[in-house]
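In order, the protein sequences belong to chains E and X.
Letter by letter, the first sequence follows residues 62 to 866 in my numbering.
Letter by letter, the second sequence follows residues -8 to 330 in my numbering.
Incorrect hints may have been included.
Output of the computed footprint for chain X on chain E, the stretches with three or more beta carbons under 8 Å from beta carbons of chain X [stated by the list, open to error]:
id, segment
1, 81 to 92
2, 417 to 424
3, 541 to 548
4, 580 to 589
5, 603 to 614
6, 779 to 790
7, 826 to 834
Sample of chain E residues facing chain X (criterion: CB under 10 Å; computed from the structure) [to be verified]:
id, residue
8, E96
9, E537
10, L552
11, I559
12, R577
13, S593
Since the hints were derived computationally from the structure, they do not count as laboratory data.
We treat Cβ as the ideally placed atom computed from N, Cα and C, and that holds for glycine.
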Amino acid sequence: MKISFNWLKEYVDIPADLKLAELGLKLTMSTVEVEEIISLADAYANMVIGQVKEIVKHPNADKLQVVEVAIGQTKRVSIVCGGTNLRVDMMVVVALPGARVRWHGQGELVTLEATTIRGASSHGMICAAEEVNLQHLFPQSSDKEIIDLVGGNWRPGQTVAEALQLDDYIFVIDNKSLTNRPDLWSHYGIAREVAAILGGKLKPLDVKAILGGKGINLMVKNEIPELCPRYQAVAMRGIRVESSPVWLKQRLQAVGVRPINNIVDITNYIMLATGQPLHAFSVNKVVDNSIVVRTAVAGEKLKTLDGENRILSSEDIVIADPEKVIALGGVMGGANSEVDSSTETIIIEAANFKATNTRRTAVRLGLRTEASARFEKSLDPEMTADALSLAVDMITNLCADCQVASKIIDIYKKKAAPVIIQVEADWIRQRIGIDIKDADITNILKKLKFIVSNKKGKLQIDVPSFRASKDISIPEDIVEEVARIYGYDKLPYSLPAIQIAGVDLSREAQATRRLRQLLCYTLGYNEVYNYSWQGEEWLKRFSLTPADCLEIENYLTPEQRYLRPTLLTNLAKNLADNRRWYEEIKIMELGRVYKPKEGLFNMGGESEKPLPLQPKTVAWLRTDGTPENAFYTVKGELEYITRFFGINLDWQPLEQPWLTSGYGAKVFYQDDEIGIVGVLARSVLADVDGEQSVGLVEINWDKMLKYITDKRTYNPLPKYPVVTKDFSVVMNDNVTWRQITAAVMKLSQLIIGIELFDRFRQEGTLSVAFHVRLYDPTKTLTSEEIAGVTGLIEKELKKLNLTLK
Amino acid sequence: MFKNDLKKIEQRVLKAIKAAKSETDLEQVRLQHLSRHGELAVLLKQLKDLPPAEKKSAGQAANAAKEGIETALQQKGLSFQMSAGVTDGGVDVTMPGHSFLTGNLHPSTIIQQELEDICRALGFRVLEGPDIESEYYNFTALNIPADHPARDTQDTFWLKKEGQVLKTHTSAMQVRALEKYGAPLRAVFPGRCFRYEATDASHDTTFYQLEGLMVDKNVSITHLIGVMKELLRAVFGKDTKVRQRPGFFSFVEPGFELDISCFICDGEGCSVCKRTGWVELLPCGLVHPEVIKAGGLDPKVWSGFAFGLGLTRLVMMKYGIDDIRLLQGGDLRFLKQFG
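Work the whole structure out from these sequences, hints included.
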């Protein structure tokens, strides 16, 4: 929203020595964020009023003239100009070197320099309206037409900014900081705040009572008082629709509103002054002078003032006559009742519409207007009366023959109850944390137009209607009012005294941090963050379908449609993407995956409803030589991590189309399947170069967290020698390593451990070599004892049909 | 007798080692005295014939002598090598050490862990919420009315199943935490958040926040400012000038925008702070009584403050990252820079 400083000053006294930047800062600190203060005059730097003294045809160009222009009592400059309407003594706008103009009204602004045009020197430019952005004041009929400053009291040399009253400053306010303040969407609203902040006097609006007139039997029926709490309207006749006076056009232009004609400009002016949107209908287009306020019938049509044909829904508030819709209430008027040059009689509407419906209509139709922006903030219904009176008064002043031609309609059945807040001054002090006197509290509130009575520290506060429509309803709101006007920057700071709470180290959080450290800083993985979704193509590569995924209702791109049921899809894509930069890649991710199954996110709340299952999951992926290498490397890494967390895992073969056949396993903790380990099938990354196999692990970390133990205890160092015997056997398909170890360990109490130390293939058969460690805690083993155990082991291995090497 | 002979041989050998003038000399000494037929070996053969009483100490003496000779030989040999510069001229210390493949945490993880440590030190517990959240906890419990624009499909990712959203802010954990732990409570909630919005260098659909919540008796605005100052001092490693100005969020009253003095220009005014000297850092405020109520507590007894730190923003500020999309892009050329 743009606020004109000159306009603001009409409503509130601002000390002359207060710097603009300081006023902006005070508003930012107490009320709304001032993003920028723009000097309008800056755009007209190096531009002065000139008077044409002499016109000579350019010696070398048919369509140009060399013009002598007075730009001061004695000072003259020579300018080459192609204007077709130049005459001696004409007052013109002269842009001198250094001025920024838009060449022929097109393209970017350029900075003028003194120059020579076809042999004649030219010290600046005599401007057309579009070249200096003044077309709203001086409509231009051809691009050769120079601004003709007729009828003003101007003198050569005067700056254009001063002459045309462009010496204003515009405060640009961030609309986001205004969302909860319907009362601030106007110059008067901001003036009220400025008065409260600076302690200056707020001048009352010059509202004159208006009396009903005769001639038009205006009838209004409000069918939806709950959506339109108040509807005021009056007819006026004797209107002459024409261009607004310069001052009015200048006012609107300064705050970014395009002038249209005097009637529309006045309704806009009153809205910008008071915050109450108004609308004017052309009476000759309203059937029977009869207005109905209702909701639209679904499918009803209206061509709005911007020329678009709109199809309406049953949520839209409309203004209609007995035959047709003539306006979208609170959003935009209809073209079928537009005020135009033939209009002689108008109906002025000042109404209040409910926020929700105007917002929904504006959003659905993509039609955010100055009016809808205000209504969707919940305007105060009390505002309509003043706004209507001011508009009628202004129209009467600007159109000599105009008069009120109907009674003044005011349908206002649903008047809101006044908001009264009871609060103790002590409580306000405690909430802010300062020792502010009762009198200072009440003074601040009074400056903000609250009515306050204080009975021994118990405050009764009547909230003004313009604050009660949305943002003030509870004692906490009063705390904010007092604190922000007192000055947030004046508040001291203190640290709260707290009770020591029970220690909650969160083992889960600690373990999660440890997991990341182990993977990244010990095993050398790079952590990546991926989006929570993936494209369907990557789902397919992992044999997943949309049925395996939760679906987003409103996605922006197709990739966002299906939430990830696994981390592997995106990690595989990461690997593919990074292959052109890196040969060797190790990446991990820790994040939630989402499953179309029910899962409680159990924090124990009463209003708890089940949410989808979304376990925190960890996955890692690495490039590594042969499939066998890749498998045993990632398995080894997983074993290292689970050993660290005191968890014993179990393994079962897993076949998946996206895993290399024979190189996949399900990972169990007891009977609970917690993840997988495997080698990616070549087909998954078929389009990616690279000879290396890709090992992968994915673990449901939420499950694994439950099984973490911390039972590490110390084993005494051996007192006697530990004997290590090596065995080498050729494996067969019917025996697993786990069976071998289980069988061997059972043979003797002297066997304290078995370690695989070599694994090799020869002509298709797999051989393994392993140490068996023997130890007796009571004495040194004799060679007979050792031989005895060794014999048992060999016998057992043979029993398993393994060939000893 | 044995020990005397040993002593004599030892001295003779050491003298010969000392006298050696080249590696060839030294090799001569070694062959002469220490080979299998050298005099030391011959003497040691007598060991087994000694009476048991002497055997042990003689053995020990023999070992000691042998070790002494070997050390002397080695050192002498080394001295020849060094002076001749034959094998080793040392290293070029400016050459890089061996490189190996290293891993590292994501920059957001690094900053999140730092923040968690600071918050724990301030007495806040760290809790994490779900990504898919119910409409109730994300909006309703936070006093965000049913027709609030934030609930629009234009701002929020809605799941196909009604009443579920990808959480738009970590504030969604406020009421969950109050329900579970009651009051007094001090907790922070780091987490992944989602917004339905077109992406560019400074906007992404996915980002991280860290929400903080304190609920206790008599919590005031000045407490909020005090805790924020301490938090930011720890985050930035120095006293940071802050200011708070009005800001509106449904779940706090009063609400603030907290700005910090621009860290690029030190408050002088630059392009980063749009010449204001201040950078908007975090929204905060006193917890709205409706939120306290939704948490099952009596707002007449309990009050509190909440703040929402933009974790992703902090990461970008700290490392000077100018495109937010890099953080979710998985490009190792970017990620490896944080190792």
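Each hint, compared with the structure:
Counting residues of the segment 81 to 92 of chain E whose beta-carbon sits less than 8 Å from any beta-carbon of chain X gives 4, enough to reach three: the coverage restraint holds. Look at the segment 417 to 424 of chain E against chain X: 4 of its residues bring a Cβ nearer than 8 Å to a Cβ of that chain, three or more, so the hint holds. Counting residues of the segment 541 to 548 of chain E whose beta-carbon sits less than 8 Å from any beta-carbon of chain X gives 3, enough to reach three: the coverage restraint holds. With 9 residues carrying a beta carbon less than 8 Å from a beta carbon of chain X, the segment 580 to 589 of chain E meets the three-residue requirement, and the given coverage holds.
For the segment 603 to 614 of chain E, the assignment as covered by chain X holds, since 4 residues bring a beta-carbon within under 8 Å of that chain's beta-carbons and 3 suffice. Here the segment 779 to 790 of chain E counts 0 residues with a CB under 8 Å from a CB of chain X, which misses the bar of 3, and the coverage is violated. For the segment 826 to 834 of chain E, the stated coverage by chain X is violated: 0 residues have a C-beta nearer than 8 Å to a C-beta of that chain, whereas at least 3 were required. With its C-beta approaching chain X no nearer than about 8 Å, E96(E) sits inside the 10 Å limit, and its interface hint holds.
Checking E537(E) against chain X by beta carbon gives a least distance of about 4 Å; that is within 10 Å, so the hint holds. Given the 10 Å rule on beta carbons, the hint for L552(E) holds: about 6 Å separates it from the nearest Cβ of chain X. For the restraint placing I559(E) at the interface with chain X, the shortest Cβ-Cβ distance is roughly 6 Å, inside the 10 Å limit, so the hint holds. The criterion of a C-beta within 10 Å of any C-beta in chain X is met by R577(E), whose closest approach is roughly 6 Å, and the hint holds.
Because the beta carbon of S593(E) sits about 6 Å from the nearest beta carbon in chain X, less than 10 Å, this interface hint is met.
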